[in-house]
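Chains as they are written, first to last, in this note's numbering: chain A, 1 to 529; chain B, 530 to 856; chain C, 857 to 1160.
Check the hints yourself; a few may be wrong.
[Stated by the list, open to error] Below, simulated DSS-like cross-link-like pairs (lysine-lysine); rule was C-alpha separation at most 27 angstroms, straight line:
1. 738(B) - 348(A)
2. 404(A) - 348(A)
3. 59(A) - 32(A)
4. 554(B) - 356(A)
5. 738(B) - 413(A)
6. 738(B) - 442(A)
7. 738(B) - 352(A)
8. 391(A) - 738(B)
9. 259(A) - 297(A)
10. 201(A) - 90(A)
11. 287(A) - 738(B)
12. 404(A) - 391(A)
[As the list claims (entries may be wrong)] Counterexamples of contact, computed for chain C against chain B with all Cβ distances above 10 angstroms:
13. 897
14. 963
15. 1098
Source of the hints: derived by calculation from the structure; they are not laboratory data.
Just so you know, even glycine gets a beta-carbon here, dropped at the ideal spot from N, CA and C.
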Amino acid sequence: MNNFLEIKNLSIAFPGNHLVNTLSNFNLKLDKNGSLGIVGESGSGKTLSMLALTRLLPKQAIVSSGSIDFLNHNLSEIDNLNFYKNFSGKKISMIFQEPMTALNPVYTIGRQLMHTYMYHNKVGKKEAHHKSLEMLSAVKLSDNLERMKQYPHQLSGGQRQRVMIAMALINNPSLLIADEPTTALDVTVQKEIINLIQELKEKFGMALIFISHDLGVVSQVSKNIIVMKRGEIIETGKTYNVLNKPKKLYTKTLISCLKNLNTKHKKNKSKKNDKIIEVTNLSKFYKLPSKLFSAKKIINAVNDINFSVYEGETLSIIGESGSGKSTVAKMLNGLLAPDRGEILICNKDINKLDTKERAEIIQPVFQDPYSTLNPNHTIGYIIARPLILNKPFLSDEIRNLVLKTLDLVGLDKGFYYRFPNQLSGGQRQRVAIARAIILEPKILICDEPTSSLDVTIQEQILQLLKDLKQKLGITIILISHDISVVKYLSERVLVMLDGKIVESGDTISTLQNPKKEYTKKLMSAVYEI
Amino acid sequence: MIFELFAKRLFPQAFNNDLSELEPKHIFLRKSVNHLGFKFGLTMLLIIIFLGIFGPHIIGISPYEQDLTKRLLPPIWVEGGNWEHIFGTDGNGRDYLARILYGTRISLTIGFGAAFVGMIIGISLGILAGYFGGWVDQLVNYLLTCQLALPGLLLAMTVVFLIGPSITVVILVIGVLHWTLFLVVSRSATQRIRNLDYVLAANAIGASKYQIIFSDIIPNILNQIIVIFTLEVGIAILSEASLSFLGVGIQPPTPSWGLLIAEGREALFFQPWLIILPGIALFLLVVSINMLGDGLRDITDPNSKIEIKSKVEVPISNLKQNINSKK
Amino acid sequence: MLRFIAGRLIVVIAVAITLSFITFFLLNYAIDPAQAVAGEEALFEEIEQVRIQYGFDRPILERYFEWASGVMRGNFGESYYWNKSVYLLVLERAPETITLALMSVSVTIIIAIPLGILAALNPNTIIDRFALGIAVAAQAVPNFWLGLLMIILFALTFPIFPVSGDKTYFHFVLPSIVLGASSVPPVMRLMRTGLLDVVDSDYIRTARSNGFYGWNLTINHSMRNAVLPVVSVLAVQLGHKFGGSVITESVFAINGLGRLALESILGTDIPTVQILVFIFAFMFLIFNLFADILNAYLDPRLRK
Chain A
1 MNNFLEIKNL
11 SIAFPGNHLV
21 NTLSNFNLKL
31 DKNGSLGIVG
41 ESGSGKTLSM
51 LALTRLLPKQ
61 AIVSSGSIDF
71 LNHNLSEIDN
81 LNFYKNFSGK
91 KISMIFQEPM
101 TALNPVYTIG
111 RQLMHTYMYH
121 NKVGKKEAHH
131 KSLEMLSAVK
141 LSDNLERMKQ
151 YPHQLSGGQR
161 QRVMIAMALI
171 NNPSLLIADE
181 PTTALDVTVQ
191 KEIINLIQEL
201 KEKFGMALIF
211 ISHDLGVVSQ
221 VSKNIIVMKR
231 GEIIETGKTY
241 NVLNKPKKLY
251 TKTLISCLKN
261 LNTKHKKNKS
271 KKNDKIIEVT
281 NLSKFYKLPS
291 KLFSAKKIIN
301 AVNDINFSVY
311 EGETLSIIGE
321 SGSGKSTVAK
331 MLNGLLAPDR
341 GEILICNKDI
351 NKLDTKERAE
361 IIQPVFQDPY
371 STLNPNHTIG
381 YIIARPLILN
391 KPFLSDEIRN
401 LVLKTLDLVG
411 LDKGFYYRFP
421 NQLSGGQRQR
431 VAIARAIILE
441 PKILICDEPT
451 SSLDVTIQEQ
461 ILQLLKDLKQ
471 KLGITIILIS
481 HDISVVKYLS
491 ERVLVMLDGK
501 IVESGDTIST
511 LQNPKKEYTK
521 KLMSAVYEI
Chain B
530 MIFELFAKRL
540 FPQAFNNDLS
550 ELEPKHIFLR
560 KSVNHLGFKF
570 GLTMLLIIIF
580 LGIFGPHIIG
590 ISPYEQDLTK
600 RLLPPIWVEG
610 GNWEHIFGTD
620 GNGRDYLARI
630 LYGTRISLTI
640 GFGAAFVGMI
650 IGISLGILAG
660 YFGGWVDQLV
670 NYLLTCQLAL
680 PGLLLAMTVV
690 FLIGPSITVV
700 ILVIGVLHWT
710 LFLVVSRSAT
720 QRIRNLDYVL
730 AANAIGASKY
740 QIIFSDIIPN
750 ILNQIIVIFT
760 LEVGIAILSE
770 ASLSFLGVGI
780 QPPTPSWGLL
790 IAEGREALFF
800 QPWLIILPGI
810 ALFLLVVSIN
820 MLGDGLRDIT
830 DPNSKIEIKS
840 KVEVPISNLK
850 QNINSKK
Chain C
857 MLRFIAGRLI
867 VVIAVAITLS
877 FITFFLLNYA
887 IDPAQAVAGE
897 EALFEEIEQV
907 RIQYGFDRPI
917 LERYFEWASG
927 VMRGNFGESY
937 YWNKSVYLLV
947 LERAPETITL
957 ALMSVSVTII
967 IAIPLGILAA
977 LNPNTIIDRF
987 ALGIAVAAQA
997 VPNFWLGLLM
1007 IILFALTFPI
1017 FPVSGDKTYF
1027 HFVLPSIVLG
1037 ASSVPPVMRL
1047 MRTGLLDVVD
1057 SDYIRTARSN
1067 GFYGWNLTIN
1077 HSMRNAVLPV
1087 VSVLAVQLGH
1097 KFGGSVITES
1107 VFAINGLGRL
1117 ALESILGTDI
1127 PTVQILVFIF
1137 AFMFLIFNLF
1147 ADILNAYLDP
1157 RLRK
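Go ahead and model the full structure; you've got the sequences and the hints to work with.
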């Protein structure tokens, strides 16, 4: 029994602020070349244990019990100086979630890499330079000589993450901890990075701990798994066993949420109704303000696209960041004026409509539940406001309508006088939906409505949308990057890349048998359990 | 302290419930009760305001009454002082305590007045620039640069000297020269909020631009504006004192503190209290306002780490040494 | 880089022109220039004579252009009050103000930066509260009062530094402390907040996960980032010192440009006031531009 890494009974607390989640009785065993995944929703404490291991806990955190043994050293007996010099960055390395801010913006990539190498090894600049070049090749970054002289802001998110990995591995650690390393990246890039991490693990002979909220990703990457909720371990074991024969209720719920979203749906015979939206030659350009020294750049956010939407259907627009899908959503909603082309909704040009007329036809639901509601308004006012602005109703009528709508979205009428900060993310999103439907619009545009929510809540909200669609006969346009959400909700799908529509058709056939290269690439990057 | 008792009596719900269930104004109250600077600043400010308004009546002496037989009497703690003139008298035999108390009114009036003028100018321009962007923003930027480049004190001196020093003129001049901070803050806050989803949603449900500005933007920048307001009051008070000190502000016999210091300058070495006392008054007033402002900033900042003591204590047994101590 | 500087220079010139025009307008409408020259006791006819003689009866735009073209050729005008060319006046007095400005910014740097760093590295401790306390106190002290207090202290109790006049560098010590003290709160707070933000940032967390800690972490990884905004603020503060020296120079009897400004206003000497306002504004704008350039040079994100 290799005593590579063993964490026993670790508990972390934040005294004085009981709102921040703690960790209780955390146990973990890992072999020399093992791979372990830690899965949980937000607040599950999945990162806390690893922060304690790498001594990156915030100052207010206190480790109230537990021991950590690594390579036969009892870590709690090693003082900070010793730890930073001999373990941190040398034997144990960690990579983090947000690559855009993880590198120091004022130093070159080369300097940061070399510095990290020279710090732990007594070598000169030449050798450090050579080693850095080697590492950049290992993480598959092209033009490594050029890269050494570049600054982080000149690289994309995926490229920065590769540099992070290079920095973490340059001193040949025995253990690599990856904390949601791909959550902030596009789906296709995500796949590349995950493959890279797995390759490097084999190549360098390391143990890997992979933390994520995405059960699909973790199941592909790790042989063993720990499922966490609210600071406690719910279930652990070999990944295959836990996923196929889950013992605890929470694990079962988590798995079923994902499975529901990925179920192969029967082909929905959508009756071909009238076209409710017709988009022709739609284009939108952005001129980048001339950064100090370069000439103005023009970006085609949306480049001459055409499509139609039929009444009563749910259409999804899929794409990665920069594909233009959000811009299309804003233009459909009349929040952004197109530079070229026409959008006809119910045979009327959406940009020529009065805002009040437009409000009764099409309404948005946004992604971030924490910025979608004005923090100074009560829930009742937020939902009532569309009526107050547009209809000559009496306050009694308005109040009744608001209560009715609250009920429709599954919120108790007690929420009427509350403020947004008293609601959870899922509840806020329900309020946003209520606000959107109270004017009985014909079309609902949902831009990533559940991407910021936990998986279990996500399913509830999507179910709500499905129910509303049945009850109210609303047409829904769904913007998403998440294939499983798209499959769950929509009959037809549009795939966008760089401002153009690459492929379109009904959901099942387009996604299962993609014809175009990009769609194939997109589908292959999806992780299913 | 007493503050907490007051707050708890008036708003009991703020203190009973779990933090996640509180309304915004209750959260404010909870946080303010724990902030020492805020309480101290507010208390001191209220005391000073009270002294300024009621002080002269309480002691019953006029700040203008001259008695040339009793010039330059020292205050009570210096040899030769007596209880009739606790702070002594100035060069014209006027009671110094009365003059200083009365000066509170001058400083407060001009301070709040000028800050108010600056606020109106600054936030109007700032919100317009932040909301509309484009050429409006460019124009406002240009105005801002012009204003910043202007040697403020110099221009204030010139204008007051030329038009004539009255309280209104001083308030207007200082106000018109001190709107830049309001502009910068309200513009960046407006720009930030304009892009938030709830503003887009307001647009989608049919709100007009002005409805959005008044209902969505202004209430959400108010807390930052109030913080700037308190700081600017302090700045305005010091500006007036400087102008009066140089002779181009409030004119004698009105007892502005700056003027008192100027008058006392001749007797600098022999009767230093003439200079020290009004200076202390200025210091205390501005310090209390600044502490209040800083406290407000800490309390209303959503990212601040003010701890709000909660009812449920986390049980921690066997607290071992923190594995992860500093740095 | 050149395009950037060129763009900014245009703004500088535009603003300088606007300000000088406004000042010219203001001064010449509020004071009767003819009366200012002729003197207070002059008779009506004498004033009119002066008006025609000096050309004060011409339209204001014409007079402004005459002034402006004169400035560009180096002719700053004649001061009736001081009976000298304004150019000579400025030349005489400029060195004192420049010395004062430079020394006071040095004072600010010596006090504010170490305090800010210490406070940021020990947040919410006594050191931090002490530093913030100094900032709060320094912001509330009227600078002229501080000056007078120093005079009392150093003339009576500790006669180390001279309290009046401007002959030696020692004479500038106390005024520099007074003038510099007013810049200490904003610079210290900026240093503190800047460093605090950097210490909390993701890239410092990356550095810590790579094994860096302690002073090494602070100096090699954090300072370069934290100091960026401070540098440009210091440059701007330096620009402010020219116009802001009025009070300090008056209190400490230093014959610099600030004192010149005060006396010229009280003496209704339009030409001198006009030039001084222009100079102060121009100094501020130039230092502002310098700060922007410095910022672009130090922050790679602002370069190509």
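Hint check:
{"no.": "1", "hint": "738(B) - 348(A)", "in the structure": "holds, 23 angstroms"}
{"no.": "2", "hint": "404(A) - 348(A)", "in the structure": "violated, 30 angstroms"}
{"no.": "3", "hint": "59(A) - 32(A)", "in the structure": "violated, 31 angstroms"}
{"no.": "4", "hint": "554(B) - 356(A)", "in the structure": "violated, 33 angstroms"}
{"no.": "5", "hint": "738(B) - 413(A)", "in the structure": "violated, 31 angstroms"}
{"no.": "6", "hint": "738(B) - 442(A)", "in the structure": "holds, 24 angstroms"}
{"no.": "7", "hint": "738(B) - 352(A)", "in the structure": "holds, 17 angstroms"}
{"no.": "8", "hint": "391(A) - 738(B)", "in the structure": "holds, 18 angstroms"}
{"no.": "9", "hint": "259(A) - 297(A)", "in the structure": "violated, 44 angstroms"}
{"no.": "10", "hint": "201(A) - 90(A)", "in the structure": "holds, 15 angstroms"}
{"no.": "11", "hint": "287(A) - 738(B)", "in the structure": "holds, 25 angstroms"}
{"no.": "12", "hint": "404(A) - 391(A)", "in the structure": "holds, 17 angstroms"}
{"no.": "13", "hint": "897", "in the structure": "holds, 20 angstroms"}
{"no.": "14", "hint": "963", "in the structure": "holds, 19 angstroms"}
{"no.": "15", "hint": "1098", "in the structure": "violated, 8 angstroms"}
Figure legend: structure checked against the earlier numbered hints; hints not met, in rising order: 2, 3, 4, 5, 9, 15.
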